[in-house]
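Participant: Going down the list, the sequences are from chains A, U, X, S and B.
In terms of my numbering, the first sequence opens at residue 59 and continues consecutively.
In terms of my numbering, the second sequence opens at residue 4 and continues consecutively.
In terms of my numbering, the third sequence opens at residue 3 and continues consecutively.
In terms of my numbering, the fourth sequence opens at residue 16 and continues consecutively.
In terms of my numbering, the fifth sequence opens at residue 15 and continues consecutively.
Errors might be hidden in some of the hints.
To be verified - Okay, the calculated bits of chain U under chain X, using three or more residues with CB under 8 angstroms as the criterion:
(1) 595 to 607
(2) 677 to 688
(3) 1040 to 1047
What the hints assert, rightly or not - Here are the simulated lysine-lysine pairs, DSSO-like style, with alpha carbons at most 30 angstroms apart:
(4) U/Lys606 - U/Lys375
(5) S/Lys171 - A/Lys214
(6) U/Lys605 - U/Lys439
(7) B/Lys35 - B/Lys161
(8) A/Lys212 - A/Lys233
(9) A/Lys230 - B/Lys166
(10) U/Lys113 - X/Lys61
(11) U/Lys943 - S/Lys19
(12) A/Lys243 - S/Lys171
(13) A/Lys214 - A/Lys230
(14) X/Lys119 - X/Lys28
(15) A/Lys81 - A/Lys243
(16) A/Lys211 - S/Lys43
(17) U/Lys605 - U/Lys556
(18) U/Lys295 - U/Lys113
(19) U/Lys113 - U/Lys187
(20) U/Lys605 - U/Lys295
(21) S/Lys70 - U/Lys923
(22) U/Lys910 - S/Lys171
(23) U/Lys295 - X/Lys110
(24) S/Lys19 - U/Lys920
(25) A/Lys243 - U/Lys973
(26) U/Lys113 - X/Lys65
(27) B/Lys104 - A/Lys222
(28) U/Lys910 - U/Lys606
(29) X/Lys122 - U/Lys295
Hints were generated in silico from the structure; no laboratory data involved.
For every residue, glycine included, the Cβ atom is placed at its ideal position computed from N, Cα and C.
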Amino acid sequence: MKEKDYFLDDRPKKLSYSEVWEKFFNWARAQSLWVIAYGTGCGSIEIPPMVTSRFDAERFGVSTVGTPRQADVLIISGYLAVKTLKRVIRVYEQMQSPKYVVGLGACTVNGGMYYDSYNTVNLVDLYIPIDVYVAGCMPRPEAILAGFAQLMKKIKEGRADGWKQYIDNLDKYRKNQEKIIKNWKIPNYNW
Amino acid sequence: MVNPVVIIAITLIAAFSIGIFQFLGKKFVRGVFWLTVLFDFAAILSIAYGFLTKAIKNPIMVKIGGFPPPIGINLYVDQLSAYLGVVVFFIGAMAAYHWLSRGINDPEPKALVLLLLLLLGSTGMIFTQDFFNLFVFIEITSIASYGLVASNLDSFSLEASFKYIVIGSISSTFVLLGAVLLYKFAGSLNMADISAHINSSMYSGGMLIIISIMFLFGLLIELEVFPMNGWALDIYQGANPAVVAILAGGIVKGFYLVFLRSANYLKFPHLLKIGIIFGLSTYIVSQFFAWKQKDIRRLFGYSSVGQLGLLILAGAFYLNGNLHGFAKKYMLFAIIFFVLNHSFSKSTLFFLADLFGRRRIEEWKGVLSKNKLFGFLFSTSVLSMAGAPPFLGFWAKLFFILAIPKEYFYIVALVLIGAIAEILYYFNLYRIISEKEDGIFDYKGSIVPSLFNVFVLLGLSAFGAYKFFILTGLDIQSGKFLAFITISSVAVFVLGVSRLAQWILSLGMIGALGFHVIKNTSLVPAFNIQSFFVYLVLAGAIMFVFATYPLSKKYSAVFYPLFVFTVFSMVGISVSSNWITLFIFWELMSWSSYLLINQGGKKAAWIYLVMSAIGGYGMLAGIKLLSTGPNLIPSFSSSSAFAVSAWAGILIFTAFLVKMGTAPLHIWARDAYGESPDGFTPLLSGVLSKMGVFGGILTIVYLLPHLSHSDTILYGLAWFGALTALFMALLAIFQEDVKKVLAYSSISQVGYILIGLALATSLGYSAALYHTVNHLIFKGLLFVAAAGIIYRTGTSYLPEMGGLIRRMPFTFLAFLMGIITLAGIPPLSGFAGKWLLYSALLEKRWMFILLIAMFASIVAFMYCYKLLHTIFLGQLRDKYRKTKELPLPLVIVELVLAGLTFAVGIKPNLILSFSEKAIKSLGFTSPGYAYESAHRIVSKFGYWNAYFMGVFAVGSFIIALILFFFAKAKIRKVGQLDIGYSGEVPDSPESVHFGYDLYAHMRRAVRVFIYPHVENTYKRIYNSLMAFVDYTRRFYTGDLNTYALWVVITLSFIFYILYKGVF
Amino acid sequence: MVFFAASLLLIFIGLYAALVKRNLIKIIIGLSIMDTGVNMLIISLGFVKGRTAPIISLKELFKKGTWLVDVSKVVDPLPQALVLTAIVIGVAVTAMALSVVIRMYSVKKSIEIDDFKELKW
Amino acid sequence: MWYKILYAFLVTVGGLAYGLLLGGISRKITARIHGRRGPTVFQNFIDLIKLLRKKTAISHGTMFFLAPMFRLLGGVGVLLLVPIVYGSSILSNFSFGGDLIVVLYFMVFGCLGMALGAADSGHPHSALAPTRGLAQMAGYELPFLISVIGLAIAHKTVSISGLVAAQQGGIFHWNLFQYPFLSIAGLIAMLGMYMAYPFSVVMAPQEIPVGPPTEYSSTFLSFMFSGRSIFGVGKYVLFMDLFLGGATNLVEAFVKTFALFLIIVFVTNVFPRYRTEQAVKFFWTYPVVIGLIDFIRIFIK
Amino acid sequence: MEDLIKRLESIFKIVEKKRGKRDNLWILEVEKDSLHAVLSYLKDNESFRHLALISCVDWIENNKFQLSYILWSYQKRQNLIVKIFIDRDKPEFKTVLNLFPQAEIYEREIRELYGVTFEGNPTQFEDFVLEDWEEMPPMRRDFDTLKYSQEKYGDRDSEVLKTNIRKIISDYTDEWRRK
């Protein structure tokens, strides 16, 4: 055994699969979205109302889970700093395909009101593939639900393939990530 | 044959010639001294040899000056005095050799003169038959000893000497008074003559009783009986050990013989009372006072005094105890063996104490490991002193206990309590000595005398065993087997030049015995309960011995011999046919296993030994209660002939309960299991504790039906078993040491077996026997695996482990199967035992016990999971990244055992067919269950199909696996630190391993139940006894006046009780 | 009877010294007194009033011309012989004790018991 | 013999469907109590399908890999070892394999497997959950054992079919009415056995995300999920046989298990959560005392 | 409170004192060298045991950093801000860790954001908010954050942004229209 093999070394392979039942399964995937909410910013306060009695996301099959391993959807709720971006990347990579990312708020689109901050990542989709942006500062739970509806639609149509792109263009994403993360301490390829 | 008077004359002449011609030089002095001693020794040996070979039939009577006995002084040498003379001279010669080798700090000629005078005086004392002459010899002896005691010329020895002088003078005053008053009374000084004039009716008032008391009282002072022995202890502590060795080893024995003989000649009627009061009190008191002793010489002194007390007791019984036939003979041999044992081992101990020179016990730490020969001599002497089989002390004690009449049962009890106390402090000392410590060990002087002594002692031990088996008429098979055990383990020691050779030899011997048992039906005639256990022991032993080799490098050279010894003595237990043989082998097993455990945890071993002693001596007391009438040796089958009280059964059962570790007697188990050598623990748990089960079966089947309240006892036992099962399981879940978890688990499981036994139905026995074998399989497996894991990782601390499944897959597999079996989850073999037991309990309607037993097995899941998780699962630490799979022998044993659990789990008949036969031999017609079809077992309440369960589990597992591959996820095996950890990357395996205090929440719920109440109670008892002893031993103030005062008080006390007839 | 009582008294005096006195020499003296008491007792046991000592003096020998002693005239000779031995032994013991005391004094410069209580418990 | 296996397969599938449906109904009821609409009752089916066909999965090691099979096997085993319909040779399944004691011990099989797999993942939370679960098990098993032993002694059998047979002949022959205190103790134990809300500290989604299966995903999770559903149904059937007089036809079985299910759902939605030691203490006091009333009655009889 | 100030003045040199915007808030300026003595006095004798915050102000015009130690007394229910000025070219000061253990993390923050080092604080060079920061400390007023942000995180191409937003909006409207 090697001195240290805490993490995996080999690069994840591109996925190839038959498309026979895919439509049916995409429907199932769309109807059962398990969310891990990453409370990076002010948007995280909008998640609890979304899943509780008032807006009741569960009627769409959206429910929350506590661990990235079981989650389908990663909600980035607001601005990201370099420090949080590292964690987001790790959480994203630990989720199992197919997986989707929802970006909440203007900050995730282009930095929003923090566009000139020394510590806010302006363009999140340079680093991880975002399937749906929900604009607003902050978006209300209704808007988030609308975003989920959008996501479901994309999934059903088979267009929500951010996870596929991430694997296919891993080098590009890595380059972008490493550009702003100076001290790259995240293990490579470990999901 | 030499005329005894020549001995005295020659010695006297030699002594004076040394005194006069000392200017001729050292060589001359030594030459004369050694020539004299050798001559005397040869002379007395020739007399003794004459007696031994029956060349001399009658006692020798020497008339000095040709006068016939009543007029002239005469010597009288009978068998006993000749033998004792040999001992005295041997010890004297050894002590002299020892002393000379150490270098005498007094001018040498004087010391040698005094030595010669001492030997002369004691010889004369033993030989003479004249009261006044006796006084003279006593005085010669005393004066010589005063001088010798003072010979160190430091303040200690001078102080001791002065105290001795004063008390000795008082004593001799009484002797002299007695002698002359006797002359006045009887008109003669010749013992035989006086004896002829006296009959016991003369004691009913008047002078004779006062006279005898005077005389005997003087001798009692010299015999160091209880209130008047402060001076003696001071001598033991303060004087030169060489002198003390000769005093304790030889001279005091002379006084003892004189005392007995005088009492006999005087026909003293109250000897028994005196003997019981003083002997017993001396014995008990000194054994307890020794507990707090810090000075090793004084400790030996207490022990010597205690032994003398026992001797006085034995002598009183021999002369005055209304013993007949067997008993008288037994008592005689008990006395002889006590004397010999004490002489040789105590003098060795004093020699060794002198050689090493340190006084305080703590300074003796680690002596055993520093010098092997020294350690051997010391251990042998201590073992023999404490009455460990097969040494002489054991046979003496056994003879003694057997000989005492049953109506004096309280004496048996007290003597056994004293023996336990003796073991307590001797092995506390031994514990300190055997602790590991590096350093240089040096001693000044020669070890040869000790070596001689120990060899004689070993020879005498063999003789003692021989005599015991011959005299008691036990089946000679057992005696032969005992010899076989000893010889084989010695052979393993001697022939085993390396550990490999020892391993092969041990394997070969156990295998050979197994082969012999299978081939030859003389040892186990038909398949019965005994052969069941013989096979169990041998099968377990051979597997566990096989597994030990990789571990053996760190064990000392006595590991394998002791292992073989333990195993064979367990075989001995299984084949024994009566209670006494059982007891002998039981003690052999206890002691040898004690020595094995002592290779690991010293304190643990000590507690184990003390608890074993309590159990073993309890058993002996129980056996004593069983034996009635002329048939002193109760055999199993004849137990029905005795109408005995329930106490006999309870006492005998104590021993078995101790070994089983049942609840209030379990305190030894955790540490003994946890700290014994890893190679031995599987045997301890798998086989040794099963001897308790064997004994339990014997007791319940053969003994209990004949006792009163047997149903109550059984129900109580079942409760004990159930509570043990529950509480030990509860304790196990909070242990953080792998072997301690397994230890508690072991006790808990044996608790189930006890429930099975206590049911006393055929189904209960089935459950117990099945679980016995099954427990051997899985607990052996777990302990072997634990041993290997400790060997590989170097720790037994659970939180230090983790993730080892990646490095030891085979061990994990085996361990997992062991755990599943332990938890009793079908389809492995553990379930069958549970099912049988629960069915049996249902059948008997013991609902509450059933409830507790089932609940205990639920609690057991907790530690099962804990073991698996903390050792094998979770995160692998960096330091174990290079750890390898266990060594091959261990893996083989593990996998064989794991295979067995699986095989038995699917086909329980593999065990049940044996247990059925064994149960039929107990007199049951059916095993309590029936086979409905080939694999379906039916009891009165339920049914169960092991084969189906196995096939079903394996089959559906395979189906699930196949189904799994239909689902088309792409599975990647990730690294150990790649866990969903809130986006963080854990920095080390340790930081994310959950291994410490797994059940903190459970602890909060059950805090009351897991508080060590029992252990603390024991500790409290021990500590308060210690404090009490520490306070009361201030009785020996060290003040001369007080000592003298006690002499006077004792005398008044004797007069009081004899006159008033109190007591 | 007087002798008997007196010797007993002596013994008790000796014992008393051994029990009470704190000075080693005094204890030895006590022992000697005890010895004397015992010796006296022995003598008194053999004593018969009006008889002489069982000793053959030269004067008597010449007067009677024979070694034989009239047994009815002398007291029992055996206790006297015993006493001789006992006296010798007593002296030996006393000598021994005194020498030990001398040594003790040279070690500790004291002959008080209180200074010799190291060995205890 | 072989047709038995076919029936067993059908029962397993049916049990799975029923279990998933009950789970969905439970979610729906909870949502309605919250004042929400809630997911469809078939949501669990959808979840299962989704999990079954995720495209990647991770494994931490052998035990991690095998644990879901153990879990499924444990669930299926319990369902198949208890007779669902009394007197029916088809729906009594494999109950000839063993009696109540066998079932009791086999129930641990799946839990142990899952715990081992969870521990093998190396996640501290995964290992924490089984310890809580086992502690809680030590809690609820005591009242459960009281009721089981009481019933076994009272009816002189530990065969489940025998117990059902003893309860035939009218509603008042049910153990629920014959031995009401034993039944109450057993039913309280059942709450703990389902790890439903007052006793849900094992799963504790807030502090230790979803309990033992923290690291499980995709297909593995789907196996655990279905194993748990089947196990749940098996336990309902067991409790039905023990206390509610078993069932003589399939409809009755549905009705009775559904009644048991409703008890749990309503208790779950009403109570907050106990800590582990509180749960253990609760189980060792009230239900035990209640159960002992009948237990002693049987003991004396 | 005035008493307190008087007492303080009798012992230490108070450069400037003024009442804050609240009644129970006073602001004192002391000499840099006497700060530890003042804080120690306030803590031990005047019950200001709670150091609520240490803050820093960059007076780039005066070429000074202002360090404010905000204290709170539970007994008096008073806030007291003790401020000092240190040289901007030589941003060094001594730690108050010996008086207030909680100062450790405040000083660490100021070190990271302003570059003021505190002699004697063992952990001040560890990362606090910014991981792997290599530029000038960002809260200094001569640090140009817009430039930095554009250089480092880039700016979304406005065309791309527009199309994306348009696409999202169209998706929405499609949805609404369908309903």
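Participant: If a hint holds in the structure, say so; if it does not, say that too.
Facilitator: Tested hints:
Restraint check on the stretch 595 to 607 of chain U versus chain X: 0 residues with Cβ-Cβ distances below 8 angstroms, three needed, restraint violated. Interface restraint, the stretch 677 to 688 of chain U with chain X: violated (0 residues with C-beta to C-beta distance below 8 angstroms; minimum three). Here the stretch 1040 to 1047 of chain U counts 6 residues with a CB under 8 angstroms from a CB of chain X, which clears the bar of 3, and the coverage holds. Taking the CA atoms of U/Lys606 and U/Lys375, the gap is near 21 angstroms; set against the 30 angstroms cutoff, the hint holds.
Annotation: proposed proximity of S/Lys171 to A/Lys214 is violated, straight-line Cα distance about 59 angstroms (limit 30 angstroms). A hinted pair counts as satisfied when its Cα atoms are at most 30 angstroms apart, and U/Lys605 with U/Lys439 qualifies at roughly 10 angstroms. Restraint check: the Cα-Cα separation between B/Lys35 and B/Lys161 comes to about 36 angstroms, which exceeds 30 angstroms; the hinted pair is violated. For the proposed pair A/Lys212 and A/Lys233, the alpha carbon gap of about 27 angstroms is at most 30 angstroms, so the pair holds.
For the hint linking A/Lys230 to B/Lys166, the alpha-carbon distance of about 17 angstroms falls within 30 angstroms, and the restraint holds. Annotation: proposed proximity of U/Lys113 to X/Lys61 is violated, straight-line Cα distance about 44 angstroms (limit 30 angstroms). Taking the CA atoms of U/Lys943 and S/Lys19, the gap is about 27 angstroms. The hint holds against a cut of 30 angstroms. A threshold of 30 angstroms between alpha carbons decides the hint, and for A/Lys243 with S/Lys171 the separation of about 67 angstroms lies outside it, so the pair is violated.
About 27 angstroms separates the Cα atoms of A/Lys214 and A/Lys230, which keeps this hinted pair within 30 angstroms; it holds. Of the supplied pair hints, the one linking X/Lys119 and X/Lys28 holds, its CA atoms being roughly 17 angstroms apart against a limit of 30 angstroms. Of the supplied pair hints, the one linking A/Lys81 and A/Lys243 is violated, its CA atoms being roughly 39 angstroms apart against a limit of 30 angstroms. This hinted pair checks out: A/Lys211 and S/Lys43 have alpha carbons roughly 24 angstroms apart, not beyond 30 angstroms.
Simply put, U/Lys605 and U/Lys556 have alpha-carbon atoms about 20 angstroms apart, close enough for the 30 angstroms limit, and the pair holds. Taken as a hint, the U/Lys295 and U/Lys113 pair is broken in the structure, with Cα atoms around 37 angstroms apart against an allowance of 30 angstroms. Restraint check: the Cα-Cα separation between U/Lys113 and U/Lys187 comes to about 39 angstroms, which exceeds 30 angstroms; the hinted pair is violated. Straight-line distance between C-alpha atoms of U/Lys605 and U/Lys295 comes to about 19 angstroms, which keeps the hinted pair within the 30 angstroms bound.
Among the hinted pairs, S/Lys70 with U/Lys923 is inconsistent with the structure: their alpha-carbon atoms are about 62 angstroms apart, more than 30 angstroms. The straight-line distance between the Cα atoms of U/Lys910 and S/Lys171 is roughly 27 angstroms, inside the 30 angstroms bound, and the hint therefore holds. As the CA atoms of U/Lys295 and X/Lys110 are separated by approximately 29 angstroms, the hinted pair is consistent with the 30 angstroms bound. A threshold of 30 angstroms between alpha carbons decides the hint, and for S/Lys19 with U/Lys920 the separation of about 37 angstroms lies outside it, so the pair is violated.
Pair hint A/Lys243 plus U/Lys973 holds up; C-alpha atoms about 27 angstroms apart against a cutoff of 30 angstroms. Annotation: proposed proximity of U/Lys113 to X/Lys65 is violated, straight-line Cα distance about 49 angstroms (limit 30 angstroms). Distance hint between B/Lys104 and A/Lys222 is unfulfilled; the C-alpha atoms sit about 53 angstroms from each other, more than 30 angstroms. Taking the CA atoms of U/Lys910 and U/Lys606, the gap is about 43 angstroms. The hint is violated against a cut of 30 angstroms.
Proposed proximity of X/Lys122 and U/Lys295 is supported: the alpha carbons are some 13 angstroms apart, at most 30 angstroms.
Hints 1, 2, 5, 7, 10, 12, 15, 18, 19, 21, 24, 26, 27 and 28 from the earlier list are contradicted by this structure; the remaining hints agree with it.
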